[in-house]
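Student: Each chain, letter by letter, is given below.
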Amino acid sequence: MRRGLGIALALALSAAAVAMTLLSATLPHAQASAPAGDDQHLSPSEMAFSPDGRLLYVVCERSDQLLVLNAKEGVVLQRIRVGRTPRGVAISPDGRQVFVTNSWDDTVSVIDAAKIDSATETATRTIATGAEPYGVVVDHAGKTLYVANRISNDVSVIDIASGAECKRLMAGRGASYLAISADGTRVYCTHVYPRIGAQRTVPQSEVTVIDTAREAVVERIPLQGVAGMFHIALSSDGRMGVVAQMRPKNLVPLAHVEHGWVFGHSLTVFGADAGGTIEVPLDELEHYYSLQYGVAIAPDKSRILVTASGSDIVTVIDTKRLLAFAHSRQKPFVNDLSASANYVMARIAVGKNPRGVAMSPDGKRLYVANRMDDTLSVIDTTSNKSVGTIDLGGSKNISALRRGEQLFTTSRYAFQGQFSCANCHIDSTFDGLTWDLEPDGFGKDIVDNRLIEDLSGTEPFKWNGGNPSMAQECGPRTEMYFYRSQSYSPPELADLVEYIYSLPPRPNRFRLPDGQLTAAQERGKAIFYRTVNKFGKAIPEANQCGYCHSGPKHTSQKKFDVGTGKWTDRSPVFDTPQLVNIALTAPYLHDESAGSLEEIWTVFNPHDQHGATNDLTKDELNDLIEYLKTL
Amino acid sequence: MKLRIWIALLFATLPLAAVKPAAVANAADTVTTSMPRFRWENFTTANGLPDNHVFAVLVDGDRVWAGTENGLALLEAGKWKVFTPKDGLAHRAVLSLAIDKSTGDLWVGTMGGLNHISAGRIDTYTQLNSGLSNDVVYGVGVQGDFVWTATAAGASRLNTRTGEWSLYNERNTPMAEIWTYAVSTGADKVYYAVWGSGVLEYTIATGRWKDYTDPDGDNELVLFKDQGLIHKITSSVSYVDNTLWAATYFGDSRYDGRSWHNFLTKDSGLPSNFTNQVKGLDATRAWFCTDKGLAYYDGVNWAVYRPALDTGKPEMYVRDANGKITPVPVETAPAHNYMLGIDFQDDDVWVATGKGLSHGIRQK
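In order, the protein sequences belong to chains A and B. Under the numbering used here, residue 631 is the last one in the first sequence; the count climbs by one each step, no gaps. Under the numbering used here, residue 1364 is the last one in the second sequence; the count climbs by one each step, no gaps.
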């Protein structure tokens, strides 16, 4: 009775609110209620169905909400406030509990599904996780929660009843997305950043396989040449898994956009049906489908559906044709741009920046979260057509910031739609790779791709400090050397710059909760700002850490030769990088030659040019690094 | 009435008196038969080991890891798999092994750094790429989220959740020498064998260190037996049941938090005072890996397993509480009498020796 009233109330409110646009008569016209007084954007990104298929839960990153929809009607029933920047959602097998990961709070919100209709808008409790939780799944017994932590690079194993984190399992770098097998015996985890390896070597990634009975990692499926793995889906018969991924071609000069040699967008198919691990290209000869993100397999395994988040497309793949084609090829064909014609059934246009997907339990509908226009696309999986769009009630006032983010995530400006800003700056961060840009000559000035958080006051840009402003960095440079196709108009460039400058620093996980420093960090801070060495000798200004790395972002915005130039560099003089969240962005130095913070000084500072450090003991160097991690 | 009782008691005890010698003999037999017997199977380069110098052994369920001078070997389903620097191992010489029972991950101390092996993935920590104090990692132990290492330049602790390294040496502990040789972790304490500096105890609750050294100081004579650690040249520690077992090159010690008890060849069943590793089973029982054989102590009696020092033939003997030594006929022996490490697989033992890895299969 109470639930019925709640639904009725929600429907009534919905009817009075923003109208929902439906493109097909197969869905009844329904309306979503915009949050009262809330003119902000929602940025829906992840979804999950209740076990009975009645409710669709939608995570909205921007508004810190979980939306609850009546899936059949396409109506928003409830908007539940969760933690900061939610990134993942899972439902308990009995449907009674909803779990939402809050990536900026390092928590999971636990929501009592029974109370959803009663206008209770808060989570019942929160559970602590590792750093920056993303994907989440529940085991089949409904007792254990698995959470992928992007910053701590691991998977939290949590006892749901007590909320206690029992253990952390090492996963790939930037662990982010999870899927549990149909029989519940395995959890699979993907990660967005490649493993830190030797400089200028082929990127390495893995699918981490967890045995749920032992709660231990039992296998790591290696993926060579892959950097940037997103969602993973498993077939209901347990014979096939699929991962959406990127293949960066960062070991050759970035001069071959027209030849397709910047990014490949593909799937990894693994399991018994694949007979191992197969990488399957999804691009075409003259058009690319960038940043594969969400993926689903039809219950009968006939189709694989995957979002190209930079291309606003859902690609539908005929599984039988795919496997037959793959088995007919003797050699890897992931770089064969003609291959996809053999197994792609359809390319379905959806909204802006399609990310997560959820397939209805009967397999007839695929819901797609269009992150940049606050809608869901509904796809009929039989006809392979978009049959409706659900407006989730986000702001219709498209601000410059929002336009900038849309520009950041779309690949339509690059030649043949090959990539967007977001390919290299995954979720507006970095990619953990070095690139060889063309303007300085092939094989010259091989540079690390830097984090783009909190950039205001860190100008100039580029490692050589060659771009004095963000407009120059993102405008002519991008047009000429990256996209080689279409330039941003001045208003567009202004929007993009505004968006990039708006990116805040993520919460620093190395400071104490009260903001104080630990004893080791305090000792390290004293070393960072010292002006005399341990022998009482004055350290020249340019060799003091705090001189070059000065100011609120820890950059003097000046250029120095710190002795790290290589034969590949046209000049050994480099811009002083900001140190915001420096702990997250290994490898280090302009060319990623230092695999860790330690190596900056133990390997690449023999003459004290990069700070006076050679008088330090190992303990003291450790202290310095502990301090740097707090910046 | 009282007389009758005495007479009755006299007659009742006569049979006992009559059989006393036989009972003593039976007691000796009982001691002999109560000590574990093994059929030994030995692994060398001839049947899959990468090297016969085996420094460490670790049992993980049905799997057995062996750290050798030329790689890390894994025995699984009857087959050996070998990991070398080509596979990502920090150094070919593997000195120490520890398992994280929570995750199943393996930590490997080598002559060139520390490895973390998880489901086939190998990560390396060295003194150059991490906060590890020194690349020579003699000992490694896991305690919750922390990995403790004993290195040639002090102790290191890695917080696996934050990545923070904490170093412990002469500057922040009572460690006169920084040559740490072994580490043993417990829920409340961590112990280090410091070669030349005795035993260091770290109390987890307080974060404080305490040292235990030989009360005889540098005097090589044992002037005060059972007054403290037998010698400061410590090679191994084992913390179990709130009891510390410590091995030195000059005898072994047990400390229960209040009292010390020391073991020397002259008054125990130790085959040698030169002990490379001690591993306690509980507060009373322990295994000793010496340069003259493997010894088991059940709290009262001793058993020694080795190829005979003179003939090389399989040898086992039992020493009872009275010091009586009884040979036990055996047909097999460990690969060599120079023992470096031991671990347990149900009732079986696995022993690292100077000339191969030995599997002691318990005989009922």
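It is possible that some hints are incorrect.
Claimed, not checked - Using 30 Å as the maximum straight-line C-alpha spacing, the simulated BS3-like pairs for lysine-lysine come out as follows:
no., chain 1, residue 1, chain 2, residue 2
1, A, Lys618, B, Lys1189
2, A, Lys534, B, Lys1292
3, A, Lys167, B, Lys1292
4, B, Lys1292, A, Lys331
5, A, Lys331, B, Lys1355
6, A, Lys534, A, Lys444
7, B, Lys1101, A, Lys143
8, B, Lys1313, A, Lys167
9, A, Lys444, A, Lys320
10, B, Lys1313, B, Lys1292
Keep in mind the hints are simulated off the structure, nothing from the lab.
Student: Hint by hint, note whether the structure agrees.
Tutor: Hint-by-hint comparison with the structure:
no., hint, verdict
1, A:Lys618 to B:Lys1189, "holds (25 Å)"
2, A:Lys534 to B:Lys1292, "violated (49 Å)"
3, A:Lys167 to B:Lys1292, "violated (42 Å)"
4, B:Lys1292 to A:Lys331, "violated (58 Å)"
5, A:Lys331 to B:Lys1355, "violated (46 Å)"
6, A:Lys534 to A:Lys444, "violated (39 Å)"
7, B:Lys1101 to A:Lys143, "holds (21 Å)"
8, B:Lys1313 to A:Lys167, "violated (49 Å)"
9, A:Lys444 to A:Lys320, "violated (45 Å)"
10, B:Lys1313 to B:Lys1292, "holds (14 Å)"
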